[in-house]
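Enquirer: Chain residues, written in single-letter form:
2 protein chains.
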Amino acid sequence: MEKGLLIVLSGPSGVGKGTVCAALRKRKPELIYSISATTRKPRQGEADGVNYFFKTKEEFQKMIQNNELLEWAEYVGNYYGTPIEFVKKTIDSGEDIILEIDVQGALKVKEKFPEAVYVFLVPPSIDELKNRIEGRGTETADNIKHRLSMAQEEIELLKHYDYAVVNDKIDNACSKIECIIVAEHCKRFRFIENKTKEGV
Amino acid sequence: MEKGLLIVLSGPSGVGKGTVCAALRKRKPELIYSISATTRKPRQGEADGVNYFFKTKEEFQKMIQNNELLEWAEYVGNYYGTPIEFVKKTIDSGEDIILEIDVQGALKVKEKFPEAVYVFLVPPSIDELKNRIEGRGTETADNIKHRLSMAQEEIELLKHYDYAVVNDKIDNACSKIECIIVAEHCKRFRFIENKTKEGV
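Residue numbers (my numbering), protein chains in the order written: chain A, 370 to 569; chain B, 370 to 569.
Chain A extracted, bound-state conformation (with noise of 0.2 angstroms):
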């Protein structure tokens, strides 16, 4: 059986990563997204195994050890994380799953997992969010400074990834992701990998 894809999708704060990653649960509500282990209190509504694996400081620091995450991260004191059992037994399952998380997480789960599809998402424009950034008014040269050498940074990550898509309207951006999806499937590695374990 084919094995699914894991698309992590990531991209510089600001440029939309939630809203093209909401709207692309409702075009393909088929796509089965990462769950987050974490360990701070469930928030009314939020279920166990639906909007995040609530655990305790003990137990995720148990996961930590024993090296049961993609990645991690401390956040105003709680601790977030992938789990990587939940996107394995999605893969081996047939099925796709995407990752949606910040560029300094994307880069620590592509140690651990090469081999997934590294999609970063580009705002409309390097010149615009110059612009923008010097447009403001608001801010001090310094901060300007600051900023600027930031997008630059966060574009140089750029380079670790398989793919740009540029976030100009979320659906342009949601087909883009989704013709991705398709076009990785139909690679050719993939295609003798299946094969040859089929036995053909």
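Note that these hints are calculated values from the structure, not bench results.
Some hints here could point you the wrong way.
The list makes no distinction among identical chains, and a pair is therefore deemed to hold if it is satisfied within one copy or across any two copies.
[Claimed, not checked] Calculated cross-link-like contacts (lysine to aspartate or glutamate; reagent style EDC-like; alpha-carbon spacing at most 20 angstroms):
1) 564 / 531
2) 556 / 531
3) 538 / 371
4) 556 / 484
5) 431 / 417
6) 528 / 484
7) 397 / 547
Given the coordinates of chain A, work out where chain B should sit on it, guided by the hints.
Expert: The following block gives chain B in isolation, referenced to the frame of chain A:
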């Protein structure tokens, strides 16, 4: 400006390259198709630069000598080949161009144009192909053996391609090829190439 892509669509004889190409033309009228040069005489209704570039034997031989063909072959006394110029012009203008060609021709093209996107149309099932060849009941054991080894050889050539598209249904195959084109335009290295050219 972003360059166009050369998409080489190939596969074993009988897989349905022509049918898929004709369907693609209908679905995507904006796609440009490579026009072959030939020394065969125009048939009624055929126009130079539309169906073929019609050449004399001398002109064709000069094209061979001047390295103006991506590939060429002789077939029942006539030359057929793919002029480089038309392909390059199209790509440089930012448009994609599709070249439908047999597996032998595609390999020759790859030598001169490795940066093209190589798509291999695969019969719905290799098992089925096997059954079909064995099940015809009209062929000698030697013929069956020969056909099976031919099919095996053709499938072996798949390793030179970027993508394998199973031609189970024409519409499926077309959708996949369309997605491959979209995804290839999103390839990170192309994006960075273009940004570098734009000086961003």
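Enquirer: Hint by hint, note whether the structure agrees.
Expert: Here's how the hints hold up against the structure:
1. 564 / 531: between (24 angstroms within a copy, 16 angstroms between copies)
2. 556 / 531: both (13 angstroms within a copy, 6 angstroms between copies)
3. 538 / 371: Cα proximity of residue 538 and residue 371: across copies only (19 angstroms, versus 32 angstroms in one copy).
4. 556 / 484: Both: 13 angstroms inside a chain and 16 angstroms across chains, each within 20 angstroms.
5. 431 / 417: Answer is within; shortest intra-copy Cα gap is 18 angstroms, inter-copy 73 angstroms.
6. 528 / 484: For residue 528 and residue 484, the Cα distance is within 20 angstroms both inside one copy (16 angstroms) and across copies (19 angstroms).
7. 397 / 547: So residue 397 and residue 547 pass the 20 angstroms test inside a copy (9 angstroms) and across (18 angstroms) alike.
Checked against the numbered hints listed earlier, the structure breaks none of them; every hint is satisfied.
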